[in-house]
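As given, the protein sequences belong to chains A and B, one line each in that order. For the first sequence, this note's numbering gives the first residue as 1, with consecutive numbering after it. For the second sequence, this note's numbering gives the first residue as 246, with consecutive numbering after it.
None of these hints come from the bench; they were simulated from the model. All of these numbers come straight from a predicted model, not from anything done at the bench. It cannot be assumed that every hint is accurate.
What the hints assert, rightly or not - With a straight-line Cα cutoff of 30 Å, these simulated BS3-like cross-link-like pairs (lysine-lysine) come out:
#: 1; chain 1: B; residue 1: Lys-349; chain 2: A; residue 2: Lys-59
#: 2; chain 1: A; residue 1: Lys-141; chain 2: B; residue 2: Lys-364
#: 3; chain 1: B; residue 1: Lys-377; chain 2: B; residue 2: Lys-271
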Amino acid sequence: MNYQWNWSIFLQPTVVGDTTYLGWMFAGLQMTLMLSLSAWVIALLLGAVVGVLRTVPNKLLSGLATAYVELFRNIPLLVQLFIWYFVMPELVPQSLGDAYKQSHPVLQQFLAAMVCLALFTSARVAEQVRSGINSLPRGQKNAGLALGFTLPQVYRHVLLPMAFRLIMPPLTSEFLNIFKNSAVCSTIGLLELAAQGRQLVDYTAQPYESFIAVTVAYVAINVVVMTLMKKLEDKVRVPGYMGGK
Amino acid sequence: MIQISHVSKNYGSFDVLKDCSTTVSKGEVIVVCGPSGSGKSTLIKCVNGLEPFQSGEIIVNGTSVGDPKTNLSKLRAHVGMVFQNFELFPHMSITQNLAIAQVKVLGRQQDEAIDKGLKLLDRVGLKAHAHKFPGQLSGGQQQRVAIARALAMDPICMLFDEPTSALDPEMVNEVLDVMTELAQEGMTMMCVTHEMGFARRVANRVIFMDHGRIVEDDEKEAFFANPRSERAQQFLAKILHH
């Protein structure tokens with residue numbers, strides 16, 4: 001193989017002259033972090049609500065929640081992204097669609113990507129919340145009710161605190177997934193980490209360095225996430241329960 | 246205090262309760278026994294509305310449990326219940342377990358609730374464990390905490406659903422002692438249990454159930470001396486031999 005390695009490429013100014021190529025990578029990293037973290041916050045909140053609704057006695061509410069989960073879980077992420085970005089602006093009331101189309105192009109891409117990732121991930125979070133709640137002993141709910149708690153209070157004080165502790169490991173996987181899935185958003189032109197990597201290849205003809213840098217950046221994000229989640233898991237561990245001390 | 250009249254419940258075509266009627270007066274201790282699957286746990290759960298029932302009526306302290314207009318949470322706040330598997334909240338310390346419902350349901354101040362909880366914890370002999378978590382206590386200790394937690398709500402009556410069935414044999418007595426003490430202090434109690442020693446000691450009446458029916462509902466002396474139904478005779482013969 002006759003390949004000229006050139007790691008110093010990252011320190012060179014870009015052809016556009018705005019910054020160095022490393023600067024582009026950091027801009028991509030920043031975009032990936034902003035996108036994924038904002039989508040994660042929404043996914044967590046929405047997923048918790050939908051997951052809870054799947055377990056309530058009310059047939060209509062649990063049915064709606066199930067429909068929500070099946071809808072967002074069974075359509076490929078890429079297709080969902082195209083629907084949010086290309087189709088939705090045409091389907092919503094015209095004034096709203098126009099406002100969207102007249103906003104800054106990067107904002108358009110960011111919003112579509114964020115909503116798409118958030119809803120897709122919320123369906124998966126909802127499933128985990130549901131399984132967490134269902135894996136608790138049935139008597140816990142009765143014990144809460146018997147003390148005079150209302151059903152929402154039972155969820156708030158009895159079921160959810162334990163359910164979230166139980167689903168911490170799969171929730172960590174989901175958190176990691178959202179960073180990796182965000183790479184799909186490069187397909188609508190959003191300049192996140194993966195897109196910056198590809199742009200770097202186009203401009204520098206140094207594909208190995210570019211993609212190694214992108215890989216390292218994704219791994220670094222996920223190592224940080226895993227470490228933080230492990231810390232959180234240890235912090236909320238219940239004494240005398242599930243390997244707690 | 247508790248009036249159960251003609252209560253029936255079924256799951257599809259399976260009858261869990263058939264036309265059950267009985268009453269529990271203030272200060273009375275009633276023991277409900279019977280073979281497994283006879284509906285005794287279901288009956289006691291109907292009393293505070295944890296299990297719905299299709300027909301009949303249950304009145305607790307003047308409030309109809311089956312009435313859709315009844316605020317069940319409000320009723321349950323004053324009907325203590327103790328479960329087979331304790332059901333303490335594992336993520337809260339013992340102190341928090343005792344205080345949370347007082348604060349969230351009865352609207353008491355946190356300090357007041359903790360004081361009350363600790364007093365009751367002392368009463369069941371577990372004051373030293375206040376800072377621990379349920380998972381760090383033995384089954385018997387957890388059940389005593391569960392009783393204290395129910396008492397902290399100042400209940401007008403207590404329901405016990407097989408409180409000693411999940412316990413190691415050596416821990417049964419510590420729980421029964423607490424229940425006996427409670428009965429002697431005049432608490433109105435309805436206990437589903439197989440502990441016939443407890444029934445002999447403190448029960449006023451014994452209800453025997455089989456296949457969803459109340460087969461016997463007798464004064465304690467009459468029940469043990471001479472059960473009328475054959476089924477109750479067999480049941481007693483089996484469990485009293487050991």
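Status of each hint after checking the structure:
1. B:Lys-349 <-> A:Lys-59: holds (28 Å)
2. A:Lys-141 <-> B:Lys-364: holds (26 Å)
3. B:Lys-377 <-> B:Lys-271: With Cα atoms ~35 Å apart, B:Lys-377 and B:Lys-271 exceed 30 Å; violated.
In summary, the one numbered hint that this structure violates is 3.
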